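Q: Residue numbers (numbering that gives the first Met the number 0), protein chains in the order written: chain B, 0 to 136; chain P, 0 to 119.
Keep in mind that the hints were calculated from the coordinates and are not lab data. A portion of the hints provided could be inaccurate.
In silico SDA-like pairs for lysine to any residue, Cα to Cα no more than 20 Å straight-line [what the hints assert, rightly or not]:
{"hint": "1", "chain 1": "P", "residue 1": "26", "chain 2": "B", "residue 2": "9"}
{"hint": "2", "chain 1": "B", "residue 1": "106", "chain 2": "B", "residue 2": "70"}
{"hint": "3", "chain 1": "P", "residue 1": "39", "chain 2": "P", "residue 2": "88"}
{"hint": "4", "chain 1": "B", "residue 1": "106", "chain 2": "P", "residue 2": "38"}
Keep in mind it's a predicted model, so treat the numbers as computed, not measured.
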Amino acid sequence: MIRIAVSSEPRLLHILRCVVRCFAQEVGFTAEEADSLSMAIDEAASNIIRHTYGNSHDARLALEIRTYPDRMEFALEDSGPKVRLESLEPRPLDEVRPGGLGTYFIKCFMDSVAFDENFQDGNRLQLVKYLPRKGVA
Amino acid sequence: MRVLVRNEVDATIIDCTGEVDLYSSPKLREALLHEMRGAKANVLLNLSGVSYIDSSGIATLVEGLQLSQRTQTRFGLYGLRNNARSVLELARLTRVFTIFEDEREALTKIASTQPFSGLV
Numbered sequence: 000m001i002r003i004a005v006s007s008e009p010r011l012l013h014i015l016r017c018v019v020r021c022f023a024q025e026v027g028f029t030a031e032e033a034d035s036l037s038m039a040i041d042e043a044a045s046n047i048i049r050h051t052y053g054n055s056h057d058a059r060l061a062l063e064i065r066t067y068p069d070r071m072e073f074a075l076e077d078s079g080p081k082v083r084l085e086s087l088e089p090r091p092l093d094e095v096r097p098g099g100l101g102t103y104f105i106k107c108f109m110d111s112v113a114f115d116e117n118f119q120d121g122n123r124l125q126l127v128k129y130l131p132r133k134g135v136a
Numbered sequence: 000m001r002v003l004v005r006n007e008v009d010a011t012i013i014d015c016t017g018e019v020d021l022y023s024s025p026k027l028r029e030a031l032l033h034e035m036r037g038a039k040a041n042v043l044l045n046l047s048g049v050s051y052i053d054s055s056g057i058a059t060l061v062e063g064l065q066l067s068q069r070t071q072t073r074f075g076l077y078g079l080r081n082n083a084r085s086v087l088e089l090a091r092l093t094r095v096f097t098i099f100e101d102e103r104e105a106l107t108k109i110a111s112t113q114p115f116s117g118l119v
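My request is simple: use the sequences and hints to build the entire structure.
A: Quick look at the structure:
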């Protein structure tokens, strides 16, 4: 298990991306899949900075990564006000306008996304990605 | 991320290099909107040096597209790497942007494209 705690500064997002990308490749995801996973985590962390913290850069953000033989589990923790799962619903793609794509990318790249309802101090977003089964295209 | 602006005969080119994310996209936005508002007829964004672009970067491109519609500027992208192209395809945005393969094609064809008129 890896746990990284950073302040909510956008300039630190690339560190989270690097860790996710490296770890994902180490456990068997392809470079392309690892890029997608790092983007999903980047988008989730960006959402926390922008929406949960209102672009405040001195708040707390923690990323936890656990690996299993068949999957990777990620958890992003913040100490902001409670966020409802409905707020992660992406906007319709037919609407061409700036913004609103982050949650769409998260859902595209992860197999499951949910908040830990038992988490008391803020929000804990849990994301799971299963490894492709060997021999299956 | 670095942003450089150069003026060619047929277009203003914005060379963007590095990773475009929540931290760096405001810098790209500033350059893009500045050139659009500067009454430039043709603006090209060179993405050949962009190794990563997230939704805030994509939002910046869409904002540029919207402004190009209002200012009647022709706006095109070129040099997209696989990851940037994949993200645009996933968001179904390749249909709304004018995308060229490389700088030569972009400079040759940008003047003959129609300013985008598909956004409300």
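Q: None of the hints should be skipped; say for each whether it holds.
A: How the hints compare with the structure:
no., hint, verdict
1, P:26 to B:9, "13 Å, holds"
2, B:106 to B:70, "16 Å, holds"
3, P:39 to P:88, "28 Å, violated"
4, B:106 to P:38, "39 Å, violated"
The structure does not agree with the numbered hints 3, 4 stated previously, though it agrees with the rest.
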